[in-house]
Amino acid sequence: MIRTDVATEADAKRTTKEPSFIGKRVPKLDAPDKATGLARYLDDIKLPRMLYGKILFSGRPHARIVNIDTAAAKALNGVRAVITADDIELVPFGFGSDNTALKKGTVTCVRDEVAAVAADTPQIAAEAIKLIRVTYEDLPVVASVAEALADGAPVIHEKAPNNIPFNFDYLHGDIEQGIAESDVIVEDTFNLQRVTHCCLGTSGIIAEFDATGKLTLHSLSQVPFLYTHDLSRIIGIPPQRIRVIQPPIGGGFGSKLDVHPFEPICVFLAKATQRPVRMHFTREEEFFATPTRQPMIIRLRSGAKKDGTFTFRDVKMTLDNGGRTSWGATTPWISMRTFSSLYRVPHVRQDVDVVYTNNIYACAFRGYGNPQATFTIEAQIDSLAEKIGMDPLDIRLKNAQEPGETTGQGMVLRTCGLAECLDTAARNAGWEVKHSGAQKPTHGIARGMGMASLFHVGGGAKIYRSDGCGTMLKVDDFGGVTVQTGSSEIGQGSETVIAQIVAEELGLPIANIRIINNDTALTPWDVGVHASRTTFIAGNSALRAAREARGKLLDAAAAMLKRDADEIDLADGKVVDGDTGEPLESIGKVIRGMHFGGKHELVMTTDFYEPPSKAPDKEQKGDISACYAFGTHVAEVEVDLDTGVVKVLGFSAAHDVGRVINQLGIEGQVEGGIAQGIGYALSEELKVEGGYVLNPTFTDYKLMTTQELPEIKTAFIETQDPAGPYGAKGIAEAPLVPVAAAIANAVYNATGVRITELPLTPERVLAKLQEARGDKSGETYGETCGQPHG
Amino acid sequence: MPQVLDTLDLAFEVNGDAVSVKVPPGATLLDALRDALELTGTKLGCGEGECGACSVLLDGRVVNSCLVLAAECAGAKIVTIEGLAANGKLHAIQQAFVDQGAIQCGFCTPGMIMATHALLADNPTPSEADAKRALEGNLCRCTGYRKILDAVLSLANGGVAHD
Ligand code: FES
Ligand code: FES
Numbered sequence: 069m070i071r072t073d074v075a076t077e078a079d080a081k082r083t084t085k086e087p088s089f090i091g092k093r094v095p096k097l098d099a100p101d102k103a104t105g106l107a108r109y110l111d112d113i114k115l116p117r118m119l120y121g122k123i124l125f126s127g128r129p130h131a132r133i134v135n136i137d138t139a140a141a142k143a144l145n146g147v148r149a150v151i152t153a154d155d156i157e158l159v160p161f162g163f164g165s166d167n168t169a170l171k172k173g174t175v176t177c178v179r180d181e182v183a184a185v186a187a188d189t190p191q192i193a194a195e196a197i198k199l200i201r202v203t204y205e206d207l208p209v210v211a212s213v214a215e216a217l218a219d220g221a222p223v224i225h226e227k228a229p230n231n232i233p234f235n236f237d238y239l240h241g242d243i244e245q246g247i248a249e250s251d252v253i254v255e256d257t258f259n260l261q262r263v264t265h266c267c268l269g270t271s272g273i274i275a276e277f278d279a280t281g282k283l284t285l286h287s288l289s290q291v292p293f294l295y296t297h298d299l300s301r302i303i304g305i306p307p308q309r310i311r312v313i314q315p316p317i318g319g320g321f322g323s324k325l326d327v328h329p330f331e332p333i334c335v336f337l338a339k340a341t342q343r344p345v346r347m348h349f350t351r352e353e354e355f356f357a358t359p360t361r362q363p364m365i366i367r368l369r370s371g372a373k374k375d376g377t378f379t380f381r382d383v384k385m386t387l388d389n390g391g392r393t394s395w396g397a398t399t400p401w402i403s404m405r406t407f408s409s410l411y412r413v414p415h416v417r418q419d420v421d422v423v424y425t426n427n428i429y430a431c432a433f434r435g436y437g438n439p440q441a442t443f444t445i446e447a448q449i450d451s452l453a454e455k456i457g458m459d460p461l462d463i464r465l466k467n468a469q470e471p472g473e474t475t476g477q478g479m480v481l482r483t484c485g486l487a488e489c490l491d492t493a494a495r496n497a498g499w500e501v502k503h504s505g506a507q508k509p510t511h512g513i514a515r516g517m518g519m520a521s522l523f524h525v526g527g528g529a530k531i532y533r534s535d536g537c538g539t540m541l542k543v544d545d546f547g548g549v550t551v552q553t554g555s556s557e558i559g560q561g562s563e564t565v566i567a568q569i570v571a572e573e574l575g576l577p578i579a580n581i582r583i584i585n586n587d588t589a590l591t592p593w594d595v596g597v598h599a600s601r602t603t604f605i606a607g608n609s610a611l612r613a614a615r616e617a618r619g620k621l622l623d624a625a626a627a628m629l630k631r632d633a634d635e636i637d638l639a640d641g642k643v644v645d646g647d648t649g650e651p652l653e654s655i656g657k658v659i660r661g662m663h664f665g666g667k668h669e670l671v672m673t674t675d676f677y678e679p680p681s682k683a684p685d686k687e688q689k690g691d692i693s694a695c696y697a698f699g700t701h702v703a704e705v706e707v708d709l710d711t712g713v714v715k716v717l718g719f720s721a722a723h724d725v726g727r728v729i730n731q732l733g734i735e736g737q738v739e740g741g742i743a744q745g746i747g748y749a750l751s752e753e754l755k756v757e758g759g760y761v762l763n764p765t766f767t768d769y770k771l772m773t774t775q776e777l778p779e780i781k782t783a784f785i786e787t788q789d790p791a792g793p794y795g796a797k798g799i800a801e802a803p804l805v806p807v808a809a810a811i812a813n814a815v816y817n818a819t820g821v822r823i824t825e826l827p828l829t830p831e832r833v834l835a836k837l838q839e840a841r842g843d844k845s846g847e848t849y850g851e852t853c854g855q856p857h858g
Numbered sequence: 204m205p206q207v208l209d210t211l212d213l214a215f216e217v218n219g220d221a222v223s224v225k226v227p228p229g230a231t232l233l234d235a236l237r238d239a240l241e242l243t244g245t246k247l248g249c250g251e252g253e254c255g256a257c258s259v260l261l262d263g264r265v266v267n268s269c270l271v272l273a274a275e276c277a278g279a280k281i282v283t284i285e286g287l288a289a290n291g292k293l294h295a296i297q298q299a300f301v302d303q304g305a306i307q308c309g310f311c312t313p314g315m316i317m318a319t320h321a322l323l324a325d326n327p328t329p330s331e332a333d334a335k336r337a338l339e340g341n342l343c344r345c346t347g348y349r350k351i352l353d354a355v356l357s358l359a360n361g362g363v364a365h366d
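Line order of the protein sequences matches chains A and B. One rule links them: number in the working numbering = place in the first sequence (from 1) + 68. One rule links them: number in the working numbering = place in the second sequence (from 1) + 203.
Calculated from the structure, these hints are not laboratory results. Because the structure is a prediction, the values reported are computed rather than measured. A hint or two may mislead.
Heads up, simulated SDA-like pairs for lysine to any residue below, C-alpha to C-alpha not over 25 Å straight-line [unchecked claim]:
1) A:Lys-689 to A:Lys-339
2) A:Lys-755 to B:Glu-251
3) A:Lys-373 to A:Ile-197
4) B:Lys-280 to B:Gly-229
5) A:Lys-114 to B:Gly-229
6) B:Lys-292 to A:Leu-106
7) A:Lys-384 to A:Lys-542
8) B:Lys-335 to A:Val-713
9) A:Lys-142 to A:Lys-339
10) B:Lys-280 to A:Glu-678
11) B:Lys-335 to A:Lys-542
12) A:Lys-384 to A:Lys-142
13) A:Lys-542 to A:Glu-678
14) A:Lys-92 to B:Asp-353
15) B:Lys-225 to A:Thr-189
16) A:Lys-114 to B:Asp-353
17) A:Lys-172 to A:Ile-197
18) B:Lys-335 to A:Glu-706
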């Protein structure tokens, strides 16, 4: 039977007690191995007779392949295989079915994979790649969305003659009515840049076959079960003959949601050589040959009544999809949820064109279209507030949803801490004192404060037919527990959260819990690490499996001790009196009693948890998640009006997380999200010109360093979601979402200048300040300048 | 292409042990550690001196081992992440990183810990500004650095118990 309400009455009494592990600062289980260098990442694994794979990328944005000459590469000593598209079966894959492992005919971006080698050493592989001669005939390059949409633009893929392979349109309410009801309307065009994940560990894979043709992959996928299924088609090996083992992963953030071409390529090399093959990207390859976040041009119009009530949002966006299509092209499915449901808005329309260009292509990245959407909405909220003379905090509070509301897109907010997030983040930041509407200075240093909120799924997202996760749990004779969970650990700490839940339920120390989460041969199905779902979905599944085991233990202990099962409890490895906590028997002894006596049974349970969410209908409406996450960030900045340098001084974040499971882990998620957001706001941009990546190094692509770390205050609003494990909702993506918006609003507050492009580099900020001042002398600065809305 | 490369015979000290390795002349210290000595705790994040993941101690100074030629290290004393824990016990810095939640994906961690080691050897009571400066060259994409700095400062306040 599928139970969707996890908390039962029998648990109610227990949950009033102070928990042993839930909500505590629990260090990550994998941290000691990572701190000592023992953790074996992909490029630390060397199998006997292993070869090294390397890919030849096209290096041209748009060209026809005339000829590939591999003779010299094949002749090189130590080269064991050289393959091109002619050597493999070409099965189209990717969300647009417009990609193949190796390319035949036309290359549509500089990272298109043209040939690959396997050799005895990485050095020989690199040398062999240089010996492959490809003759190309260059084709006209479509370097931007504007060029792709121009009349007579070259067609990149035949099946999209207008270069628009997908639209994602959405409507609730009636835009005309919303316009009619508005007292003020603002309109802007926002330009959001291309950024990339920059996982510290670069991409890679090891493929090996056994003697019967079964394939084992050491893969960094964050969705191992969907991945097996997708990859199976591409390589022509049935999924049941593929095993995916995940070594520790040096960062994910959405970059590992797709099957990437290098993965089937590595399999083809292993097949050709009948030896294990490892492929591992250089940092440069990681920058230009892995997908990025979608650059977006967003034209947004929104309105409000005089009293601050939001009336409508009308958005038109274009996404630079690049030359191929990954799952990431579907980010507008998420951005539309932000446009429709971040605060209460009666009339919302989204019209999206996903546009082919000859740029490198984009994929999922933490937030999945939400940071871009939030940036635009939150900027305009400040503009609307200013026009009607309202404080930015008050206008947001006025439009914040209440628990129990259903949004225009049909999402049911059973719990909603948005108003409390707004109040808390503002209070902790000192909003009343520091957010000033005063006259802006023209030279020297200006200070300002800005806020932005977020709306995101918090209980998974029913994008696939199942959004579930399985758990298999066994308790051994000595009170050791092994939990096999479908969910993956990619650094985010899910493994520890699951151990805490199981330890809490079974009254055992965390040290007794072993989590197996990285081998599809052992673990039950899970849809993967995405949509901030793991704590909620895998946590619920682990909780239910543990509760069933707990029931078995209590029943056996009750029989053994001749007590009622509801009079006793499990704590500190013992069966204890439920009221007094007095120890009655060790749990190990009860288990051995079950095993060697009584009914002769072992404690083993399984669970598959499918959340009570619904797939969206044809209009994209419906209750897609089991719960929803909210939060508010307030940024305080300093802007040097003479140099354009923006410095984030302080950050106050409040998140509705339902319930904190691991205080240490959740703080880390928020702080890490803020850091990525600061990079997105101030410094990060992967520059692509004419289809070429210009800055594939950490020197030229600037991540936030320790020096830019502001003071951060985090607060967690515990709304106790009835569907969540112990009340918890997901967090992962949320903390990145509103950061850039809050910073841009703070810059506006400091300077009176609205900048609608990211990142806010000194050059861009200074140029906008000068433009607003009317000239380069800065003498003509007035109160109204910088206001971009007519 | 390709000639059989000459190899260099090098002797140095790693984590207190005298070792000798054969490496190609162009090999970096990172190559020597990871490939020849199988000390894979030291990470390759960029190979260009930009991320700090490969930080080790070379005669007491923290260096990006991806930029140092192995040949330059003859006779030197090198300490890597594998050289800190002793007698089955984590080094105080490692323990602080674990306890303070300074580790997520963990890929930056060995480099961060080695850079912290060098900082504390130099300045046992660093301020937050000192710690930020010392770790400026070590990138972390996961943690946002707050908990890493907390780990460093927890040692500064309590003092590093031992080395
Ligand atoms: S690997 Fe040496 S600095 Fe990045
Ligand atoms: S913990 Fe992942 S890069 Fe630092």
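Outcome of the hint check:
Annotation: proposed proximity of Lys-689 (chain A) to Lys-339 (chain A) is violated, straight-line Cα distance about 45 Å (limit 25 Å). As the CA atoms of Lys-755 (chain A) and Glu-251 (chain B) are separated by approximately 20 Å, the hinted pair is consistent with the 25 Å bound. Annotation: proposed proximity of Lys-373 (chain A) to Ile-197 (chain A) is violated, straight-line Cα distance about 63 Å (limit 25 Å). Straight-line distance between C-alpha atoms of Lys-280 (chain B) and Gly-229 (chain B) comes to about 20 Å, which keeps the hinted pair within the 25 Å bound.
At roughly 22 Å between alpha-carbon atoms, Lys-114 (chain A) and Gly-229 (chain B) fall within 25 Å of each other, so this suggested pair holds. Only pairs whose Cα atoms come within 25 Å are accepted, and Lys-292 (chain B) paired with Leu-106 (chain A) is accepted, the gap being roughly 13 Å. About 52 Å separates the Cα atoms of Lys-384 (chain A) and Lys-542 (chain A), which puts this hinted pair outside 25 Å; it is violated. A threshold of 25 Å between alpha carbons decides the hint, and for Lys-335 (chain B) with Val-713 (chain A) the separation of about 19 Å falls inside it, so the pair holds.
Note on Lys-142 (chain A) and Lys-339 (chain A): the hinted pairing holds, with a Cα-Cα distance of about 17 Å set against a maximum of 25 Å. Between Lys-280 (chain B) and Glu-678 (chain A), the direct Cα distance comes to roughly 56 Å. Violation of the 25 Å bound is thereby established for this hinted pair. In summary, the hint linking Lys-335 (chain B) to Lys-542 (chain A) is not supported, as the alpha carbons are separated by about 45 Å, beyond the 25 Å threshold. Simply put, Lys-384 (chain A) and Lys-142 (chain A) have alpha-carbon atoms about 51 Å apart, too far for the 25 Å limit, and the pair is violated.
Distance check on the hinted pair: Lys-542 (chain A) and Glu-678 (chain A) sit about 21 Å apart at the alpha-carbon level, within 25 Å; holds. Simply put, Lys-92 (chain A) and Asp-353 (chain B) have alpha-carbon atoms about 17 Å apart, close enough for the 25 Å limit, and the pair holds. Restraint check: the Cα-Cα separation between Lys-225 (chain B) and Thr-189 (chain A) comes to about 16 Å, which is no more than 25 Å; the hinted pair holds. Annotation: proposed proximity of Lys-114 (chain A) to Asp-353 (chain B) is violated, straight-line Cα distance about 35 Å (limit 25 Å).
Distance restraint check for Lys-172 (chain A) and Ile-197 (chain A): the Cα-Cα separation of roughly 17 Å lies within the 25 Å cut-off, and the hinted pair is therefore satisfied. Between Lys-335 (chain B) and Glu-706 (chain A), the direct Cα distance comes to roughly 19 Å. Compliance with the 25 Å bound is thereby established for this hinted pair.
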